[in-house]
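Read off the chains here:
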Amino acid sequence: MDAARYQKIKRILLKAGEFRDAERAAYLEGACRDDDALRREVEELLAADTVRTGEIFDPHVVLSHEEAPTELPPLRAMPEECAGYRIEREIGRGGMGIVFAARAPDDTRVAIKVVEGHLARSPAYVDRFKREAEAGRKVNHKNVVRTMDVLEVEHEGRPLHLMVMEFVVGQSLRGLLQSMKTVPEGLLREVARQAAAGLAAIHAAGVVHRDLKPENILITDDEIIQIMDLGVAKLVDVSVALTNEGQFIGSLPYAPPEQCRGQPVTALSDLYSLGVVLYELAIGSNPFRKDNPAAALRAHLQTVPTPLAELPVDITPFFSSVLATLLEKSPAERFESAAQLADVLAAGETSGWWRRRRGARTPRRRRLRIRRDTKLYGREDDLARLGKLWLSARGGDGRVVWLGGEPGLGKTRLIDAFLHDHVELEDTHVLYGSFPPHGGHRGLVDALTARFPSAELAAVLEPFLGPMAGTAPALHAFLRGESPVPGIAALTGETLQAVFRQLLRGLANDRPLVWVVDDFHFASRSARRIVHTMARAAARARALLIITSRPGCEGDQGTVRGLEHGAEIVLERLSTEAMNALMRESLGNDHLLDELAGRIAHKSDGVPFFLLETIRGLEERGYLKRLPDGSATRAREIDDIEVPSAVRDLIAARLSGLSRDERALVDVAAVVGYEFDADWVAAVLERPLLGVLQDLAELERTWNVVRASGRGYRFDHHQFQETVYRDLAPALREEYHARLADAHRRRLGDAAPAGPDAVALAWHGLHGSRPQDVMDALQPAMETMVSRYAGERLITLADRALALGLDDAARVDVLLRQASGLEVLGRRDRQRQAVGRAVDLAGQLGEPGLLMRAHRAYGTYCWNVGHASQALDAFDRELKLARAHGDEPLELTAMMNRAVALGRVGRFPEAVEHYVEIYDRAHAMNDRGIEGKCVGNWAMALVAMGRFATALEVMETKRVDSGDVRSNAHVASCLGLIYWHIGRFREAQVQFDEQYESATSIGDRRSQGIALGNMGLVHRDLGELEQSLVALQRQIQLSREIGDLTGEANGHLNLGLVYRLLGDEDHVHSCIHRANEAGRVAQHHAVLGHSMLLEADLAADRNQFREALDRLAEARALFARVADESALAAADFVAGRVAIEHGELDAARTYFDRADQTSAAPGLELFRVRTRVFRSLLPDALWEDAAAELEEWSAQFGVCERAELLFTLFRASGKREFLDAAHRALMTAHKNAPPALRELMLTQPRVHRAIVEAVAAATK
Amino acid sequence: MHGEATVLLGRLRAGEADAAEELFALLYQELRSVAGRIFGSRNANHTLQPTVLVHEAYLKMVGPARSAEDAAPHWEDRVHFCNAAARAMRQILINHARDQRALKRGGADRGARVTIAGVVLHDTAREVDAIDLHEAIEALQQLDARQARLCELRFFGGLNLPECANVLDVSQRTIEMDWRMAKGWLADRFGAE
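Quick mapping for you: the protein sequence lines, in order, are chains A and B.
Just so we're aligned: the first sequence equals residues 1 to 1260 in the numbering used here.
Just so we're aligned: the second sequence equals residues 1 to 193 in the numbering used here.
Hints are computed from structural coordinates only; laboratory data are not their basis.
Take these hints with a grain of salt, some might be off.
[Claimed, not checked] Restraint-style ranges between C-beta atoms, simulated for each label pair:
1. A:G206 with B:R189: 37 to 47 Å
2. A:G206 with B:P162: 38 to 48 Å
3. A:F19 with B:A139: 27 to 37 Å
4. B:A102 with A:K142: 53 to 63 Å
5. A:Q7 with B:D99: 35 to 45 Å
6. B:A25 with A:E310: 57 to 67 Å
7. B:R173 with A:D222: 53 to 63 Å
Cβ coordinates follow ideal geometry from the N, Cα and C atoms, glycine included.
With the sequences and hints as input, model every part of the structure.
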């Protein structure tokens, strides 16, 4: 053929391709005319084939060392019998040959494979086939289909090579996959383990399978995995396979990279193929199955399949890692052998391989981050506060903020919002660095290197180092983690602190600075010291230093608390409203919200992260669907809402890697408690302590499960301990508890259990179901728990004890102690039940000691819920019993209770009479305990009556040092309050500090909280409003931690009072709201009444007098219920004041009269003075008397109230001196107010504004 | 070498003819050493896939794509590269086959036969002698130069049809017709079975 003709054909062919059918025929007719040969040629080409998409065309070069085999026609038919085997039927046909079902001479069923095709004609292949098949025969393993015989027979004049195999009834993994779509991990692991075992046996026989694929691995009907086709498989070379396209496609997706490269295959190649098979089973598709072989080859060589752990399939990190290892491109990176793989799979997460691998990897931590596309809910106050702090910081009045809160509450989210809303990023240095676990200096280093991503850090940072510029190269080395240049000393210790101090100042000099130290709790000791230094240095810099930390880092808060310029923001769980708002935004579907709100809120517990996780989980599980507009809709009936798994996953993942021994250790530790000593763990496990300590160190280093804390250990997180404890088998849990009880008893020897030892002994004995062994520990244990406010544990312990069958006397004792725990926690319903049962039982027993205690407990309960008169009755009964009993100390104690109750209903004079008697009798019988307590209470009664001078005298002359820290705290508290009331605020402060220290030293957290509250009050009256805020917030947090609702309610209330002085109305409202919430749960009428008073004040500030009077009426009703005279006086006085401002003079007069009447009782002088001063505003009143009284009592009012009273006198008298005095008082407070609120303070509260305006007018 | 190939590809795209020659020289060295390694081993039959070899050479000289998606920007480069590689590959194989043949003629018993398997002719995969194939393509060159290049790209360069269409700058339909004709012609030449 010449070129011209060839081109002609081509032209016609191309043209013909444009037509179809008849048109094409017509065209060809014309184009070819008479040239039949031409026409035939073109038609042939047209008909030859259609080039299919993805046509398999993959030529390869074969270098063969032997002559091409003689051509033979292919096998047409099998003989009916050969070598004694009866061939029954064909059951399969592949590239390698044909498989027949057959019967052996003994009639057993076998499968016979006939090697056929051009292979059979190549002597070299046949030799190898025989060699490998023989080797395969040696493999006798339950996971390998047995090769029974290898034969060579003559048929139709040519040799046939037969392989006789066991006949297996079952299903291939291909079939399994088709029926299951994806195979769950549990089954998959078992498949993998057995297949690995089978492979190990094959490899041990010196055979490489070479063609593992789902079709070649069977699940027999006996549920055993069997590998088939070995021996033959060895011959399945890429070159051969390619002669049959279908075959090639079948195997290529499982071909290891080395085979794709034409390199020799080894046993490790089988591991790769097995890896591909398992991966395919796990996700239901093979990532290497491509449209064309080239793409498949490329993928094998180049593409690493996504680790299963990162795909939405439920696969453990362990198994994901196993597969990733099998799929390594380089054979050396895979497992050492199939045998090792089998071992690893058998041992699972406890295998040495996995531990090494986990150890080698840096543990990947999932950061708990809130999705950024949702608004910040429920954090408006905190955000505003950060904004205000920034305002002053930017002005040169540097601030340090401690931002605390448990994970998931959105600390980082808040900072993001703050930076976004309040900070002009271009004109500010914003440094952000987060400490990872065992973070060393990372958080600091990252902050700088991220802000200055330059290679030349020394040059960049030098300008900010001022006098320390010389350290720039060393700082560079420190930040880069390099060893310093020779001749330059490395930065350490104090130099390092000085450098960072200088950096902070230098940066802040350059432009305003926000420096965020995130996850401070992970910082190393040295890093902490640096941050402390920076915190101090921030005082006079244009800098806001934000330090975030988890709860439980008590010591660190000192960083901020001790600082004048420090502030603390503790993120709390979100309110239901905020959670609902967040949920509404996230769902974008109100109907759905109504349906789900309750159910999701229950699971998410006020933690926004949990909420979003729960919703995400519902989406993932297909319950919710997103519409194009982003709103969610229900895709199917939501039957159950799982607890958000993120935290649980985190814990499970960390635990899953532990060896059996380590797990046992963690289990025991969890039984010991959140904080635990290694000794106890060792004792229970009967292991040498040294070994346990080594393991613990390892657990801390590698797994981050526990952390050293002093000489003991604690769990990384409370939830950790809880999860582990909950997951323990009950029997095992009980066993561990019992063993712990034994260990504690051994340690005690013959000593009587007391204090924490008693607590541990009782706790473990009861939980180990051995009450009889620990009865002697029960009482001291409960006593200790009451004194330490371990309320929840106390209640649990008591429940446990009550369930285990005690005698009635012990029952009453336990019930009463439980009741006191419930009292602290404000759980009134259960308190009532416990007290009721105790009273009944004690009545039946007739044991006076118990009965007295029962009455006292009942009285306390009545007082708690505001039934003052019933409370008093109960205490009366207690006293009567005590008298009848003739036990003087008991009688005195009972009298004291009665006196306290009298005081609380405002009958202070009677109470004082009691105290005088108690004191004398206790003094006479030399009972210093009762004496000391009595002096304190006596003084407190006098304080409540306003007789501060007398109270002080009593304290100073009669005070006894009982040597008991607890009563010292009480005394300090009394003295402090006296000083506070008489305006000796600094001295009060000293006492409250002492109270706080004493309380801290004995772990009395309620007393700590009260001390903080007291400090807050002193700060307020000194006009140190910012410190006041900090102390009160801390009180609230503490109260919350010990479940003391009364303390919490009081804290919120006091906080509200301070915010009112600062004119920050929004905050006042949220305080009132929270105080009411806590107060209602605790049924604390006094708190509720006082918060009503505050609301009334607030309404009056806004000139809403009618509403204010309504609130006051409600408050009065509440106070009347508890018969608190001083509170009633307060309500009446405030009502009078409001009425005057409203112009209702007659009403005002009535209120004032009533207030006068109530406050006529000794001790309520302050109310008399207040009333007098405001009465002077009435037209017919004389202000001179009021002025005289105020002068006498002036020091006893806090500065802000003094300002108000003086200003009132100015209004009544027109005397400039009062105005000036009022202004001076106001300015004292103003000077010490939080800078951000100073402006507000002079403009917002009505009285403050009026003072400022009056001064301005007068000066004019 | 990595950088060099990339630069050459850049120049090639810019239309510099020299660059193709330089790339060819570079590739020839690389591919020959790999092929030599594979065929150098004495004790077994070997196969060598131009597709894989060229692809590996590409990775080695131009650098790997970080992911499948990432491969897209390299596509054009890869096509040009494979074009050069196909020529180099063909040259190497034929030299090798000739050496083997010479060995055999010289009476050595170690000479081996070099064949190209998987050649799809009239719907069946065939195994043909490498030198025969080379000569066939040379003959085709006389009839239709483009179809000869197409065969070279397909057999030795591992390019698929769309990629070939790109290199040869013709439409998809044309390349299909070319391929159909070339295959038919080769089938005739090797004798259909």
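Status of each hint after checking the structure:
no. : hint                           : verdict
1   : A:G206 with B:R189: 37 to 47 Å : 45 Å, holds
2   : A:G206 with B:P162: 38 to 48 Å : 45 Å, holds
3   : A:F19 with B:A139: 27 to 37 Å  : 31 Å, holds
4   : B:A102 with A:K142: 53 to 63 Å : 54 Å, holds
5   : A:Q7 with B:D99: 35 to 45 Å    : 36 Å, holds
6   : B:A25 with A:E310: 57 to 67 Å  : 44 Å, violated
7   : B:R173 with A:D222: 53 to 63 Å : 57 Å, holds
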